[in-house]
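Peer 1: Heads up: the protein sequence lines correspond to chains A, B, C, D, E and F, in order.
Just so we're aligned: 93 in my numbering is position 93 of the first sequence, and the numbers increase by one with no gaps anywhere.
Just so we're aligned: 79 in my numbering is position 79 of the second sequence, and the numbers increase by one with no gaps anywhere.
Just so we're aligned: 7 in my numbering is position 7 of the third sequence, and the numbers increase by one with no gaps anywhere.
Just so we're aligned: 112 in my numbering is position 112 of the fourth sequence, and the numbers increase by one with no gaps anywhere.
Just so we're aligned: 101 in my numbering is position 101 of the fifth sequence, and the numbers increase by one with no gaps anywhere.
Just so we're aligned: 97 in my numbering is position 97 of the sixth sequence, and the numbers increase by one with no gaps anywhere.
None of these hints come from the bench; they were simulated from the model.
Among the hints, a few may not be true.
The list treats identical chains as interchangeable, and a pair is accepted whether it falls inside one copy or across any two copies.
[Stated by the list, open to error] For lysine to aspartate or glutamate, the following EDC-like pairs were computed, each having C-alpha atoms within a straight-line distance of at most 16 Å:
#1 K7 x E126
#2 K7 x D76
#3 K64 x D106
#4 K32 x E46
There are 6 protein chains.
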Amino acid sequence: MIFVTRKMHFSASHRLFNPKYTDEENDAVFDKCNNPNGHGHNYYLEVCVAGEPNPETGYVIDLKILKRIVKVNFIDFVDHKNLNLDVPFLRGVIPTAENIAIAAWDQIEPHVTDGRLFSVTLYETENNFVEYKGNR
Amino acid sequence: MIFVTRKMHFSASHRLFNPKYTDEENDAVFDKCNNPNGHGHNYYLEVCVAGEPNPETGYVIDLKILKRIVKVNFIDFVDHKNLNLDVPFLRGVIPTAENIAIAAWDQIEPHVTDGRLFSVTLYETENNFVEYKGNR
Amino acid sequence: MIFVTRKMHFSASHRLFNPKYTDEENDAVFDKCNNPNGHGHNYYLEVCVAGEPNPETGYVIDLKILKRIVKVNFIDFVDHKNLNLDVPFLRGVIPTAENIAIAAWDQIEPHVTDGRLFSVTLYETENNFVEYKGNR
Amino acid sequence: MIFVTRKMHFSASHRLFNPKYTDEENDAVFDKCNNPNGHGHNYYLEVCVAGEPNPETGYVIDLKILKRIVKVNFIDFVDHKNLNLDVPFLRGVIPTAENIAIAAWDQIEPHVTDGRLFSVTLYETENNFVEYKGNR
Amino acid sequence: MIFVTRKMHFSASHRLFNPKYTDEENDAVFDKCNNPNGHGHNYYLEVCVAGEPNPETGYVIDLKILKRIVKVNFIDFVDHKNLNLDVPFLRGVIPTAENIAIAAWDQIEPHVTDGRLFSVTLYETENNFVEYKGNR
Amino acid sequence: MIFVTRKMHFSASHRLFNPKYTDEENDAVFDKCNNPNGHGHNYYLEVCVAGEPNPETGYVIDLKILKRIVKVNFIDFVDHKNLNLDVPFLRGVIPTAENIAIAAWDQIEPHVTDGRLFSVTLYETENNFVEYKGNR
Numbered sequence: 001m002i003f004v005t006r007k008m009h010f011s012a013s014h015r016l017f018n019p020k021y022t023d024e025e026n027d028a029v030f031d032k033c034n035n036p037n038g039h040g041h042n043y044y045l046e047v048c049v050a051g052e053p054n055p056e057t058g059y060v061i062d063l064k065i066l067k068r069i070v071k072v073n074f075i076d077f078v079d080h081k082n083l084n085l086d087v088p089f090l091r092g093v094i095p096t097a098e099n100i101a102i103a104a105w106d107q108i109e110p111h112v113t114d115g116r117l118f119s120v121t122l123y124e125t126e127n128n129f130v131e132y133k134g135n136r
Numbered sequence: 001m002i003f004v005t006r007k008m009h010f011s012a013s014h015r016l017f018n019p020k021y022t023d024e025e026n027d028a029v030f031d032k033c034n035n036p037n038g039h040g041h042n043y044y045l046e047v048c049v050a051g052e053p054n055p056e057t058g059y060v061i062d063l064k065i066l067k068r069i070v071k072v073n074f075i076d077f078v079d080h081k082n083l084n085l086d087v088p089f090l091r092g093v094i095p096t097a098e099n100i101a102i103a104a105w106d107q108i109e110p111h112v113t114d115g116r117l118f119s120v121t122l123y124e125t126e127n128n129f130v131e132y133k134g135n136r
Numbered sequence: 001m002i003f004v005t006r007k008m009h010f011s012a013s014h015r016l017f018n019p020k021y022t023d024e025e026n027d028a029v030f031d032k033c034n035n036p037n038g039h040g041h042n043y044y045l046e047v048c049v050a051g052e053p054n055p056e057t058g059y060v061i062d063l064k065i066l067k068r069i070v071k072v073n074f075i076d077f078v079d080h081k082n083l084n085l086d087v088p089f090l091r092g093v094i095p096t097a098e099n100i101a102i103a104a105w106d107q108i109e110p111h112v113t114d115g116r117l118f119s120v121t122l123y124e125t126e127n128n129f130v131e132y133k134g135n136r
Numbered sequence: 001m002i003f004v005t006r007k008m009h010f011s012a013s014h015r016l017f018n019p020k021y022t023d024e025e026n027d028a029v030f031d032k033c034n035n036p037n038g039h040g041h042n043y044y045l046e047v048c049v050a051g052e053p054n055p056e057t058g059y060v061i062d063l064k065i066l067k068r069i070v071k072v073n074f075i076d077f078v079d080h081k082n083l084n085l086d087v088p089f090l091r092g093v094i095p096t097a098e099n100i101a102i103a104a105w106d107q108i109e110p111h112v113t114d115g116r117l118f119s120v121t122l123y124e125t126e127n128n129f130v131e132y133k134g135n136r
Numbered sequence: 001m002i003f004v005t006r007k008m009h010f011s012a013s014h015r016l017f018n019p020k021y022t023d024e025e026n027d028a029v030f031d032k033c034n035n036p037n038g039h040g041h042n043y044y045l046e047v048c049v050a051g052e053p054n055p056e057t058g059y060v061i062d063l064k065i066l067k068r069i070v071k072v073n074f075i076d077f078v079d080h081k082n083l084n085l086d087v088p089f090l091r092g093v094i095p096t097a098e099n100i101a102i103a104a105w106d107q108i109e110p111h112v113t114d115g116r117l118f119s120v121t122l123y124e125t126e127n128n129f130v131e132y133k134g135n136r
Numbered sequence: 001m002i003f004v005t006r007k008m009h010f011s012a013s014h015r016l017f018n019p020k021y022t023d024e025e026n027d028a029v030f031d032k033c034n035n036p037n038g039h040g041h042n043y044y045l046e047v048c049v050a051g052e053p054n055p056e057t058g059y060v061i062d063l064k065i066l067k068r069i070v071k072v073n074f075i076d077f078v079d080h081k082n083l084n085l086d087v088p089f090l091r092g093v094i095p096t097a098e099n100i101a102i103a104a105w106d107q108i109e110p111h112v113t114d115g116r117l118f119s120v121t122l123y124e125t126e127n128n129f130v131e132y133k134g135n136r
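Only chain A is shown next, with the shape it has when bound in the complex (with noise of 0.2 Å):
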């Protein structure tokens, strides 16, 4: 078995807020994060397949065709975007870096037909991140 890891970027801004809680609840949990007009970040996703080469082309699965299921199904949704506001699949999530590598997994997972769906690793900034293994 080989991992074969594509890493894309998007930018996007963000707030961190949980409606139920009070203004200085929110204000103690999410800090310089809960900026009503929100910030916003530069992301890289590393979206890793697991598989076995094919021997007549010695890919896992053919890159140029994992950029486009990452693309068509998940960047072009969020790049450029308020994750808040204009990204269906993230509507009523608090956009931490978890949930939103939870979505990018929901989003990508069943395009991938070569090889299957490993891990995903979301970059916040260059000293924060997380990877999600779909193990829900």
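Position chains B, C, D, E and F against the provided structure of chain A, taking the given hints into account.
Peer 2: Chains B, C, D, E and F alone, transformed into the frame defined by chain A:
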């Protein structure tokens, strides 16, 4: 003369549009960056000071002091903020990388007491960056 | 389960040698790293916590809290220090990347209250790094 | 158990095509990578060894030794080479990242005497990489 | 004046040799880079334009437009190509980083209509790069 | 004119203090960097040479030769060393980044025979760096 640089980070959201333009004109010029709900970036700012090393300390400027000057006069105003709505010194300014760099210069330059501010370089993404040397 | 990682930095000096070895043996094994006056590195430590996102916050662990745990229990002891002489929990330990990573785990693990510590990865240089998952 | 990684570099050219395919099939599958005169990459190879630190040295494996093993058995064969024409152990193999990683494993694995080879990760570009753990 | 930079990428192969040299001379001068079957790199090109920000847009030059200029006039000619054999404007040129940078300048400069081309910087590897400012 | 740069690496330890200062003054000025047992860094040095490409080779200076000049005259003296105690040309110098860069210039400049040394840039960390162009 030695050029001493401190690199710092902030995360912010913005929307690029000219209020004098029609919606169609804003879309034509600013494209995805004109999303009404905004998007965002992890910005990196490199602040470069030129001067002679002090023979007593070996420093052109103590980078702890430079870091504090940049934090108090610029980073604290823009980090985890919406650059269109939250920043007094960007009011009425289209927050392109060019204009943010000019604003950073204007905010930081008067406070540099050892050496003189030589340049500010602002990275909006890994692939897009601007440099300003104050020569207006 | 989600894996959440915070990357942090410290600068430190060290010398690699075994006091039970002769000078010749230390030179043969540790080579340049056995310089008696020491040398140093910019170390990066990635601390990974595994757990379920809290449905109220969307966080496995608030990274501001994780950052503080790592700072107070590890970084403050090693940053701008000599790892052979200044660090209580490294006394008598050869400060290889392997042994520093084990010490980081032992210092941090008891303090992680949301989720559980999954791994620590220590970069000594861009090209050399070690990972430890606590499985002694 | 500790996982110790050494990252190394080589520059090489290659062409992706299957000699059993027609030109049209090769173009359809390999696209730009099928350019008859080839193209190339700066490859990075991360070689990870798993084991217990030796209590005498604090090392799982001396990275100077690991570096030498990787250099002599792999890097010297591929650095500044054409992967289709110049490399005995890639003869008849389509030099995709997947197949190069498998070849790296096979070249390096028998020579690791302290600990055991755990994984090889090959970066073809910053955005495309594959990992192999020997589990054929 | 503001300096605006767009970084772009291409992958290519090349061989360094002077057809007027003997094999021995080529080996002595170009060493590993003289491998007859070639080798390759992931090149990065930073294209810097200098000018005044347009007060209507805040842009010196729209980076989407600069990206297109660089793509159409340079990247499309060299990406996934053999620099010795496939590129009309490199015919008869030894494809060192220096000469590729000069060719990039000559290809791009006439097409920059907002501001003026200030420099091109070409990274052959992380450790080797050249800058050209057109001052022949 | 073309500017050709080679980036190199060394690991070293240092302590910042002025022997003419009291302990209190050294603490006030140099803070954590005044730790008596020292600390350390992974330093990166970029050495830039300016000149015309030789029409026979396409090189301003063969980077293999530049690498050797920098290694023999600078890196070999500082790599895996204590910059306060082990380096003849830093004796009596406070080893700030500024002073190390000046020393690097003085060590390297006389040996550059093709083109002329244009600048040395020393990175102490990712966020702190200095550039020197020899203009004393």
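Peer 1: Evaluate each hint against the coordinates.
Peer 2: Going down the list of hints, with the structure as the test:
Taking identical chains as interchangeable, the C-alpha atoms of K7 and E126 lie at most 16 Å apart whether they share a chain (14 Å) or sit on different chains (8 Å). For the homomeric pair K7 and D76, the shortest alpha-carbon distance inside one copy (15 Å) is at most 16 Å, but the shortest distance between copies (22 Å) is not. Taking CA atoms no more than 16 Å apart as the test, K64 paired with D106 passes in neither setting, with 20 Å inside one copy and 27 Å between copies. Taking CA atoms no more than 16 Å apart as the test, K32 paired with E46 passes in neither setting, with 26 Å inside one copy and 23 Å between copies.
When held up to the earlier numbered hints, the structure conflicts with 3 and 4 and fits the remainder.
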